[in-house]
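K.L.:
Residue-level listing of the chains:
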Amino acid sequence: MNVLITSGKTALSRALSAELANEHKVVLTDLVDVETDCDFVKCELGHEGETEALVQGMDAIVHLAELPEELKSDEREIDFQTRCTYNIMHAAREENIPHVIYISSLSLFESCDPNWNVTEVWAPRPTTESAPMARYLGEFTCREFAREHSVRVTCLRFGDIDGDGDTALTIEDAVKAIGKALVTGGPMWQVLHVQSDVENARFPTNQAKQVLGL
Amino acid sequence: MKVVIYGSNGQLGPHVVKALEGHVELRLTDLEPYDTPHEMMIVDVSDPDAVTRAAEGMDAIINLSVLRPHRQIAFDVNTMGCYNIMRAAVAHGIPRVINTGPHFTVQGAPYEALDYNIGPDVPPKPSTNLYALSKGLGQEICRIFAEHSDVYVLCYLFYIFCYHDDLSRPGLNRPFLVTWRDASAAFLPGLTIDLKTLPSQCEVFNIFANRPHQKFSNEKAKRILGWQPKDGLAHTYTKETKK
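Protein chains in written order, with the working numbering: chain A, 391 to 604; chain B, 30 to 272.
By construction, these hints were calculated from the structure, which means they are not laboratory data. Treat the numbers as computed from the prediction; the structure is a model and nothing was measured. Positions of the beta carbon are idealized from the N, C-alpha and C atoms, including for glycine. Heads up, a few of these hints could be off.
Restraint-style ranges between C-beta atoms, simulated for each label pair [unchecked claim]:
(1) B:H193 with A:L461: 48 to 54 Å
(2) B:M30 with A:E589: 54 to 60 Å
(3) B:E85 with A:V588: 42 to 48 Å
(4) A:S501 with B:G122: 40 to 46 Å
(5) A:N392 with B:D78: 41 to 47 Å
(6) B:S229 with A:G555: 29 to 35 Å
(7) A:H539 with B:V151: 18 to 24 Å
Residues of chain B placed beyond 12 Å of chain A at every Cβ, according to the derived structure [unchecked claim]:
(8) K47
(9) D64
(10) A138
(11) L224
(12) E269
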């Protein structure tokens, strides 16, 4: 399987590409230059054909949707998750890419009572902080493409990667979830909550375990 | 009351200005300067600092800015513009924002293809159309800010406009049709309604003439805002009989 991974500079993309490279042909991309042994294409994810060229020939796209640290600002976060995600989804449709995995965040539920048993059927409640709001808008964008049956989207809402709180998600578990999602069929739009089995874990992950066989 | 209008010199802007003159103090903004007796500022809504400066000292914001076909600018204006405007409203403690967009900001192709009596409170499904989705994302930003701040957002949805004295028929037998003067008359009620009487801090309204199509519903705008479209435009949906 040919797999494109965005946000190639992140620790998650490096770990993911290392794991997937055993069975798949992996290409990394990012908005900035990245030193890597993998195939890498620097791409602004714009709308003038560069994103179509980037995704051409892929069987799946893993959109980690994480801005490089040096580019982060509130405005850039919103722009990246909306416009660039739209460009990726648009290109995926144009190039007949059957599956996009969008990495969202369980921070969409940060404003909920921590005692609530929040599952995938709950409506997202992002705050006005740019990071969770932008992730929600990225989901919103992907969902419209899935609704039109243009591209199948698996939306993985990740806990705090390498964090140590009650939403912690180890990189190993994150990699495992994405790897399983790549080879698992499903509906045009599917949301799964993913965090590690830590003590007093805030979010139940039964659905992800069942669907992905984790 | 002091009101800033972003995108004041587009298609709808001049009609809204005319409808509000004499009722409120206006600060008009747009990309280019133009002749007006009102205070004028050059503002690109994708520029957060310019948006914030233009909102200073205002009691309400009207966002008429819009860009349709260009992918980068559509997101800059329709999505980022809303983000900048809502942040400016919060920063200056401005309690009232009227955001605007096409009906498919919320009631997009998935509804229009299949349903009737479509109201503005349906879950948003703008579709992947660039104009619709970039506006839909902007409206979601407005909603999230309204849920987490003291700002109230009234979102007015329009689609096809015409002049009240335009008696031509071609292309006007459309359910979401309104005259410029009826559309612009909806803004004063939005600026004067007691915000505490609104059902929530973010309310969406369909603004179109009383039409017999029953495809969409404008009932909420009439009930809550007290707005009444005057132009029925019956000639646009009745047959021309030969004499």
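K.L.:
Let me make sure I understand: some of the numbered hints might not hold for this structure. Which ones are they, in numerical order?
P.N.:
Of the numbered hints given earlier, those the structure breaks are 4, 10, listed in rising order.
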